[in-house]
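Read left to right, the sequence shown gives residues 215 to 524 (this note's numbering).
Just to be clear, a hint being listed does not mean it is correct.
Lysine to any residue pairs mimicking SDA-like chemistry, simulated, CA-CA at most 25 angstroms apart [to be verified]:
hint	residue 1	residue 2
1	Lys399	Leu438
2	Lys500	Glu234
3	Lys345	Arg378
4	Lys500	Lys345
5	Lys500	Ala248
Keep in mind the hints are simulated off the structure, nothing from the lab.
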Amino acid sequence: MLPARVTIYEVGPRDGLQNESANLSVEARLRLIAALADAGLRRIELGSFVRPEWIPQLADTDAVARRVVRRPDLRYAALVPNRAGLDRALATGMREIALFMSATETHNLKNTNKTIAQSLAHFAEILPVAKQHGLFVRAYLSTIWGCPYEGKVDPARALEIARRLRAMGCDELCLGDTIGVGNPKQTREILELFLREMPAGLLALHLHDTHGTALANCLAAMELGIATFDTSIGGMGGCPYAPGAAGNLATEDLASMLADMGIDTGIDLVKLIEAGALAQELVGHKLAGRRLQAALGRRQPGEARIAEAT
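Could you build all of it, start to finish, from the sequences and the hints given here?
Below, the structure is given as structure tokens:
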């Protein structure tokens, strides 16, 4: 049975912008976040508390976090790579953070400069502090569907790491198809393995769309009770340490499909397209989201006349 409601977790202001060549100002990032919130998105990842030299596009996340409009119905999150990042998050009033690691050693080393064992030991130091301050903690576990360096990944290996993360006290586990190679059969097999031990409400999916199968994988996951999915406005994004990977699943593509299926997301599709148009304007190039481009195309005078005549 499909869920009656799905939560869309917007990663455009973080995962989307980190792979863009444009370095947006704090004001531009705040405009984008405000447009996404106005469209009805209620979980938004606004940046990352990493050192600016690592990801220059996400510099000034502290200023963004301080200046973003906070409302009781909005949940903002940010990536935290270490204790210094956690301290910055706390200083800016963040109530939700995300830790990140990979299910394969090679990707974890390239992405975090740590082995899997070192990442887990690091999380064991950060999590108690975060929980003492009452923070909601999400943990990203990347490269479960496949790794750009190691190829196929044993889901049991990923599950063992997930067990450790859950035991540490993570409130949500986000499982990632970082290179976008998954298919619905594989998605079902991975999730059936995880769901033998973990409730569906603990899990979220972060699916890239390299092979164009992200929507199909979402449907397979929804059929198993998963109801939280990461997306990026316009399909922005990608992983700097995953060669060949395309961007994230576009927010408007998933939101529109769910609306067509009668599944509630709380999102205003008209305002969401406006947010996508703004994102495209800010980054300075055409974005990949199919529904975004279809909607923007219909705005062209010639196409509008054709539509009216048919």
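Going through the hints against the structure:
1. Of the pairs offered as hints, the one joining Lys399 and Leu438 holds, with about 12 angstroms between alpha carbons and a cut-off of 25 angstroms not exceeded.
2. Distance restraint check for Lys500 and Glu234: the Cα-Cα separation of roughly 12 angstroms lies within the 25 angstroms cut-off, and the hinted pair is therefore satisfied.
3. A C-alpha spacing of about 16 angstroms is found between Lys345 and Arg378, which places the hinted pair at or below 25 angstroms, so the restraint holds.
4. Straight-line distance between C-alpha atoms of Lys500 and Lys345 comes to about 41 angstroms, which puts the hinted pair past the 25 angstroms bound.
5. Taking the CA atoms of Lys500 and Ala248, the gap is about 21 angstroms. The hint holds against a cut of 25 angstroms.
In this structure, the one hint that does not hold is number 4.
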